[in-house]
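From just these sequences and the hints, can you work out the full model?
There are 2 protein chains.
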Amino acid sequence: MAAAGTPDDDHKGARELAERVINGDWRALARAITKMENDSADAPTLAALLYPKTGHGHIIGVTGPPGSGKSTLVDGLTSVIRADGRSVGIIAVDPSSPFTGGAVLGDRVRMQRHAGDSGVFIRSMAARHNAGGLAPATRDVIRALDAFGRDVILVETVGVGQVELDIMKVADTVLVVTVPGLGDGVQTIKAGLLEIADCFVVNQSDRPGAAQTVADLRTMLTLGGAEERRRRWMPPIIQTVATSGKGLEELWAACQRHRLVLESDERMGRTRDRLRQEVLDAVARGIAADVNSRLAEDGEVETMINSVVRREIDPRTAAHKIVANHFRRERIRLPPVP
Amino acid sequence: MAAAGTPDDDHKGARELAERVINGDWRALARAITKMENDSADAPTLAALLYPKTGHGHIIGVTGPPGSGKSTLVDGLTSVIRADGRSVGIIAVDPSSPFTGGAVLGDRVRMQRHAGDSGVFIRSMAARHNAGGLAPATRDVIRALDAFGRDVILVETVGVGQVELDIMKVADTVLVVTVPGLGDGVQTIKAGLLEIADCFVVNQSDRPGAAQTVADLRTMLTLGGAEERRRRWMPPIIQTVATSGKGLEELWAACQRHRLVLESDERMGRTRDRLRQEVLDAVARGIAADVNSRLAEDGEVETMINSVVRREIDPRTAAHKIVANHFRRERIRLPPVP
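Read top to bottom, the protein sequences are chains B and U.
In this text, residue positions in the first sequence follow this note's numbering: the first is 141, and each later residue adds one.
In this text, residue positions in the second sequence follow this note's numbering: the first is 141, and each later residue adds one.
Take these hints with a grain of salt, some might be off.
Stated by the list, open to error - Below, a list of computed lysine-lysine pairs in the DSS-like style, where the Cα atoms sit at most 30 Å apart:
hint, chain 1, residue 1, chain 2, residue 2
1, U, K193, B, K461
2, U, K309, B, K309
3, B, K152, U, K461
4, B, K461, U, K309
5, B, K386, B, K309
6, U, K386, B, K461
7, U, K193, U, K309
8, U, K386, U, K309
9, B, K193, B, K152
Said to hold, decoys possible - Simulated restraints, written as ranges between beta carbons of each label pair:
hint, chain 1, residue 1, chain 2, residue 2, range
10, B, T411, U, D257, 51 to 59 Å
11, B, N465, U, R155, 20 to 28 Å
12, B, R347, U, R155, 41 to 49 Å
13, U, G349, B, W166, 13 to 21 Å
14, B, E437, U, S180, 34 to 42 Å
15, B, A464, U, R347, 28 to 36 Å
16, U, S180, B, S433, 32 to 40 Å
17, U, R410, B, E159, 18 to 26 Å
Read the hints as simulated data drawn from the structure, not as lab findings.
This one's a predicted model, so the numbers in the text were calculated from it and none came from an experiment.
C-beta atoms are modelled at their ideal positions from N, C-alpha and C, and glycine is treated no differently.
In structure tokens, the structure reads:
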């Protein structure tokens, strides 16, 4: 919550930059993203100023195990979307990367492919995870592309861990990519991805075992719970060969169908749940920062920790006592609802 | 912090079970671990009762990319440690597994290998991650094995994500395993593991490229910062062939040397830092739970979220206002240090 500015602050630089982003200035967008990634002082102001202009872009998340060809798929899908006349923003998020910003190798390869096409904006970023979920920068960058006016924002993650799952929660449409014969391909998907997938992509489907992978996925979909949610939208399983472009038009059509379904019923609910969680997470972070700075100055806490080190009291009971002593006792009453 | 019991509670069952664990009752240990994994009501009491008997076991964490042969290494190392007359507890943690408890395939294979040796206790568990770090169950289970009297506790993780890093922070000695020719082997290690490794293991070192992998690791160690910490202990790089047992005695010797160094100077500091963090994390979780339940009943928060949904105010500013209105305004004063 550090320096959470409001549009009323005199951050004139941020205001100017935000206006340029909203007017489609490419260099301003790049600068704004860098500020967000570096957590610079006016990043929150910038995000606040861009936020009212968001909501237009179709955010498509692309995840799946390493080696499933996600990058090639994103590139191919981009060409199809461009041919359909929509502008594209691509964000490749690597939670394990120690590098922030700048172009990594994959970026340069892509830049060449879509070079000269101002309809494609590409950016790699390292997503740090913090207690309480996804680092705010990732969300801010996606929103910056939305405010910039991109019709479609493709968010690609490198792996399939908790961070990637959290990133996918930001997307309107989630594509889960796998390939035939990837040892624990379907097994990997089981862990959390099944619940969030809006569309399965069996990439490199010209390889042996493609039919089996499709059959496995279909079985999983049938067995998996969440039937309620599936009544309106059953995730299709689409076979692609990203390198040749096969299946990519069908995939784009599925993405568009999914968005129409979202628009017609659940999108508002989903958006609301997501935003509520985001606000509550930020509240929890703000309070935790507050609490930590207070506890850091509290001698009684150190005395308690000494007891834990001497194995006289266990950590959980110690925490329980600290909470009971310092917080619950003087329970804050919320003001009445107006 | 739900139902955080203290030894004063009348949880007689937990008290009996804890005594049996401390007295080395194998079946009691298995039952206690199941309770911890399932987050049953008396698990916190059980953990509190076992905690004073911990601190004896040497906790060795084993991590590294999939395919580096960690399981085979743990098996071989176990044989060496057993031959040295020490008892062993093995916990295989799979953060991505949806299964809790019970024996997975790897477990059964191992069970056979060390079958009939009461000096080896093996358990697989799924480690769920929550906001604020490692799920408490993992720590509790490691401590249960410690209180049970195991001389060495080997904690093996499946992957190399954030969860695995957090698990490794619980270990006294961290082994980072890699293999020659694993695509991004050294690259993977760069992401966070370099800082926490106490010993590097180049497994399957009879494969081509072993010397190169060792050289790469050495370069990384030389380039990496943290020189201060390395003055007392420079992580050795040990080549093993886990399947044949080559290098495993050397590895065990390195683990023991590392523990001696820990004992002599930094162990208390490390332990203290770790326990402080554990207590503060639990405090943060307790407060967050408290805050969430209060906010859930607060109509003003819903009004604020409505504004966010209508894009009138951004999520960060909304959170800032909630914190400012409801918490900072009535800032709790801590009682003076006694």
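Inset, instruction - Take a quick look at whether K386/U and K309/U sit within 30 Å of each other, Cα to Cα. - result: holds (28 Å)
Inset, instruction - Look at the Cβ atoms of E437/B and S180/U and judge whether their distance stays inside 34 to 42 Å. - result: For E437/B and S180/U the Cβ distance comes to about 37 Å; the hint holds.
Inset, instruction - Check the following: the C-beta atoms of G349/U and W166/B are separated by a distance inside 13 to 21 Å. - result: violated (44 Å)
Legend entry - C-beta pair A464/B, R347/U: status relative to the range 28 to 36 Å that was hinted: violated (56 Å)
Inset, instruction - Given the hint that K386/U pairs with K461/B, test it: the Cα-Cα distance must not exceed 30 Å. - result: violated (50 Å)
Inset, instruction - Below or equal to 30 Å on CA atoms is what counts here, so check K386/B against K309/B. - result: holds (28 Å)
Legend entry - Agreement of K309/U and K309/B with the hint, judged by alpha carbon distance not exceeding 30 Å: holds (28 Å)
Inset, instruction - Given the range 51 to 59 Å, decide if the beta-carbon distance of T411/B to D257/U lies inside it. - result: Holds: the Cβ-Cβ distance is about 57 Å, inside 51 to 59 Å.
Legend entry - Outcome of range test on Cβ distance (N465/B, R155/U; 20 to 28 Å): holds (25 Å)
Legend entry - Outcome for the supplied range 18 to 26 Å, where the beta carbon pair is R410/U and E159/B: violated (51 Å)
Inset, instruction - Would you mind confirming whether the straight-line C-alpha gap from K152/B to K461/U stays at or under 30 Å? - result: Judged against 30 Å, a Cα distance of about 22 Å means the pair holds.
Inset, instruction - Can you let me know if the beta-carbon spacing of S180/U and S433/B is within 32 to 40 Å? - result: holds (35 Å)
Taken one by one, the earlier hints fail for this structure at numbers 6, 12, 13, 15, 17, listed in ascending order.
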